[in-house]
Amino acid sequence: MSRKVAGAAAAIALIAGLTACGGGSDAGDAPTLTFWMYQPRTPQAGQIYEDLRKGFEKANNVKVKYVQIAKDDYNTKLSSAIASGTAPDAGVLDQPLVSRFALDKTTVEVPAGTIDESAFYKGALDTNLSEGKLFGLPLDQTTVGLFYNKKLVPTPPKTWDELKATANQVHQADSKIAGIVVPKGDGYGAWMWPGFVAGAGGALTDDASKKVLFDQQPAVDTLQMWVDLLPSSPRQITDSDNAFANGLAAMMISGPWDVATIKDQFPDLDFNVAPLPYKTEPAGNIGGENGVVFSTSKNTALAWKFLQYITSDANNAKFADAFGGYPTNIKAAEQTAATIEPQQAAFLEQLKVAHARPAVPQWIQVNDEIIAPALEKALSGKATPQEALTEAADKTRSLLGWNS
Amino acid sequence: MANPVQADRPAATPDRPGRRPRPGFGRRDSIVGWLLIAPALVYFVAFLLYPAVAALYYSFTDWNLRSSPSWVGLANYTDLLFDDVKYPHFWKSVQVSLMYTVVAVPLTLVAALGQALLVNAIRKGSNLFRLLLFLPVVTAEAAVGAIWRWLYDPQYGLINVILGWFGVPPQNWLNNPDLVIPALAFIAAWQCGISMIIYLAGLKGIPLSLREAAIIDGAGPVQRFRKIIMPMLRPTTFYLLVTGVIAALQVFGLVYVIFSAANKSVTGGPEQAGLTYVLHLYLFAFRYDAMGAACAMSFILLVFIMIITALQFKFVKQEAA
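Just so you know, the sequences run in chain order A and B.
Everything in the first sequence is counted per full-length UniProt numbering, starting at 1 for the first residue and increasing by one.
Everything in the second sequence is counted per full-length UniProt numbering, starting at 1 for the first residue and increasing by one.
I should point out that these hints are in silico values taken from the structure, not numbers from a laboratory.
Quick reminder that beta carbons are idealized off the backbone N, C-alpha and C, glycines included.
Wrong hints could be hidden among the right ones.
[Claimed, not checked] Partial pick of chain A residues on the chain B-facing surface, computed with a CB cut under 10 Å:
(1) Lys184
(2) Thr238
(3) Thr300
If we strip away everything but chain A, and leave its shape as in the complex, we get:
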């Protein structure tokens, strides 16, 4: 084991060395801004980033240096760079990390007057909050919607009751086909769940008053609804790889990334995407990336200017599209909406009613270690939704030190 740790530490040392070498600016008087981001998903995306960079450099007479890192390694490498004092000026950050980085003062608050908050989707903007203050600008956003097989589901369900009825009809017509791939009690399922809870008018927490709310009725009803779907959607069918794309499940909950994959690998499947079914009000979850400025940066003004630039009306659509998400800037999103494929429209629509994750630094841990097992406990029938969630909420209160 010490070998593994040694390996990790060695990797850190190595990265620190590499970034130290890479950090030196070569150009003469023009200030250089270092910006960390994920590796482009496609050559086209890489070209878009390049064009944006050149545009900014020309307009401001500066240099921008991209450091592009594979998404899977990004957080580790970024943490290593910060630990070794070689953090970039600015960079991309996964939404739930923003409040963590803000809390330990790794990143700086957005200066007043940097943006017009009403120009952005509220859900996306809220993912930048830490203790009520903004610590980043939303770069792109994503959500999950209801994928449905048009052959099996002619009109998509809008409400939970319709969803249950549709799933039942499908499974009764052919017992080899599941109604819907019910999300699991794992980290991924726990990420999607709040979107449904919001659809019942609930929330997982109230950050301002430090209250855990997911043992209350909306959350319990949501989990009960997932449990109720299982008889018409047996795991034995839906756990098969690509159950939806293979036509074994009539519906599934997933994100825009699956639209491209299915079109590419299952060209015969006739499908569309609808917003998530809801109980009392349309709602959804949210994911995506924000842009932050690191406290060690000597170019903070320039860094915010660059983040303004890639979130602007003119550029955010290009940037978000290259990133694989949707614009966070409302005007930019209108451009995207005009050119979008039908299967993508529902996501963009739903993002208007998306709810940010709780801005709690330990949220990923709560999501993975407490909520996910509670969902699974109820879904596997080992506890009722109320029992599982009461226990989970109590654990969360202890972990976060929120006593009410």
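Given the coordinates of chain A, work out where chain B should sit on it, guided by the hints.
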């Protein structure tokens, strides 16, 4: 003399009285010697010793990789062992790794020995079979994960098809908490190529005369296996047991690949049934921002492995008989 190695060397005539003769190396030779081992030494210190010592230090701190570590004494260790609010799945991960070890190691040894016996027995084409049986070891972990996800698929999986011939109903291997460990252990056994090669070498090392003598004495194949092959392979088995247990307690890559590939989730499968100790450690190090606690976990595992290994050296027969 204290040093038994030097004791039986012919005593060189000392140049000066009272000074022990240096066997072999002069001073200049020793510089050359140091230079020769320098690359390995630098590697060892920079990439193994220093990080290990640093990790030990960090295990006594609260550290998120970003801000400077703060000293917390033994808190990480006591919290891991006793605080089930902070680390609700620590003991679960211990249990998963132990279960996995108990199932996977014997299964791997049996599979390896069986394969080695077969390869050893055939006269033609044993090279080909050795290669085929070794292939799973050199296959990239991501590919192994993808293949086995498909083999274990509840709808189309080949494993269920084969079991179906014997009337076994289809199982949901990777999603039924009770079946996750056996499913993973089976993959490990399939990847037993290295153990197979070592067993094969062991088999080749058994003197033919023993076999002939046994045949003359009228021992059948089963008796020969029990009374000659097994005892003669005991050092090999002991070596494979010790290294196999150490490797099994550290299993990580395969679990990570199997459960993250299709489920987009790294939390260790259904009901944490596949949350092995090192996967749990990884999550705290790189996902939950608790590098200090992760370092403490690694040292707990180190001590545990040392104890288990010492117990094996004490209680398992290791000499060939």
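Numbered hints the structure breaks, given as an ascending list: 3
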